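S.K.: The listed protein sequences derive, respectively, from chains L and Z.
Heads up: the first sequence begins at 1 in my numbering, then just goes up one per residue.
Heads up: the second sequence begins at 1 in my numbering, then just goes up one per residue.
Since the hints were derived computationally from the structure, they do not count as laboratory data.
In this text the structure is predicted, and so the values were computed from the model without any measurement.
Built from N, CA and C at the ideal position, the CB exists for glycine as well.
Some hints could be false.
[To be verified] Here are the computed distance ranges between Cβ atoms for each label pair:
#: 1; chain 1: Z; residue 1: GLN29; chain 2: L; residue 2: GLY41; range: 26 to 32 Å
#: 2; chain 1: Z; residue 1: GLY61; chain 2: L; residue 2: GLU15; range: 40 to 46 Å
#: 3; chain 1: L; residue 1: ARG60; chain 2: Z; residue 2: GLY1; range: 15 to 21 Å
[To be verified] Capping the alpha-carbon separation at 16 Å, the derived lysine to aspartate or glutamate pairs in EDC-like fashion look like this:
#: 4; chain 1: L; residue 1: LYS105; chain 2: L; residue 2: GLU3
#: 5; chain 1: Z; residue 1: LYS66; chain 2: Z; residue 2: ASP88
#: 6; chain 1: L; residue 1: LYS2; chain 2: Z; residue 2: GLU59
#: 7; chain 1: Z; residue 1: LYS41; chain 2: L; residue 2: GLU5
#: 8; chain 1: L; residue 1: LYS67; chain 2: L; residue 2: GLU5
#: 9; chain 1: Z; residue 1: LYS66; chain 2: Z; residue 2: GLU87
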Amino acid sequence: QKEVEQNSGPLSVPEGAIASLNCTYSDRGSQSFFWYRQYSGKSPELIMFIYSNGDKEDGRFTAQLNKASQYVSLLIRDSQPSDSATYLCAVRGWGAGSYQLTFGKGTKLSVIP
Amino acid sequence: GAVVSQHPSWVICKSGTSVKIECRSLDFQATTMFWYRQFPKQSLMLMATSNEGSKATYEQGVEKDKFLINHASLTLSTLTVTSAHPEDSSFYICSAREAGINYGYTFGSGTRLTVV
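Make the full structure from the sequences, and use the hints.
M.R.: As structure tokens, this is what we get:
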């Protein structure tokens, strides 16, 4: 059974600070990793994906992947109140036809003005 | 960017009736459609995966006769909740994958189903 674990939070950070969100996964063969943001009552929207070890930066967001530790994180710099949402980590397996994503339960982030 | 239109956005139905939810890919061909269910404060739980022209593959514990999935074309997939009961009340979301695109599938806007 593939598992994706996240701290449910809530994680509270002051406006302008760095928010750090963490995720671990159980399937060592996982290939691709995704971070989605979900506002209350809305569907998820993709923030970033990463598939190579190391860091990937996109604006205020940085995804970090460590396959040896089976760990992926998302850093949000200069956090804004509009970043307050639940952040979902998702993992895709490997092999032909393995397109399904396994989601974590999400971490609720609150950015305090 | 890729857009998936999901309708209705919310629906209230009586127990025992059926409800159909539609997802349309507006500017791409959705080779694969994933259907999720999300209960309050829970994560997305995959219900089934459907490929165009094929029968859907249901996850363990999901009744295929209760949750009918049709993916007859590359731009339209439907989920019908048959004989709905209050415990079926949930947020249903579709997610489409375009052939050749393996990163960042496109989600529909979700359907809030309330069965009374």
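S.K.: All hints, please: hold or fail.
M.R.: Results of checking the hints against the structure:
For the hinted restraint 26 to 32 Å between GLN29 of chain Z and GLY41 of chain L, the CB-CB distance of approximately 29 Å keeps it satisfied. For the hinted restraint 40 to 46 Å between GLY61 of chain Z and GLU15 of chain L, the CB-CB distance of approximately 42 Å keeps it satisfied. Remark: the range hint 15 to 21 Å for ARG60 of chain L to GLY1 of chain Z is upheld by a beta-carbon distance near 20 Å. The hinted pair formed by LYS105 of chain L and GLU3 of chain L meets the criterion: a straight-line CA distance of about 10 Å does not exceed 16 Å.
The suggested pairing of LYS66 of chain Z with ASP88 of chain Z holds, with an alpha-carbon distance near 10 Å, which does not exceed 16 Å. Pair hint LYS2 of chain L plus GLU59 of chain Z holds up; C-alpha atoms about 13 Å apart against a cutoff of 16 Å. Between LYS41 of chain Z and GLU5 of chain L the alpha-carbon distance is near 15 Å, which keeps this suggested pair within the 16 Å criterion. In summary, the hint linking LYS67 of chain L to GLU5 of chain L is supported, as the alpha carbons are separated by about 15 Å, within the 16 Å threshold.
The hinted pair formed by LYS66 of chain Z and GLU87 of chain Z meets the criterion: a straight-line CA distance of about 13 Å does not exceed 16 Å.
Checked against the numbered hints above, the structure violates none of them.
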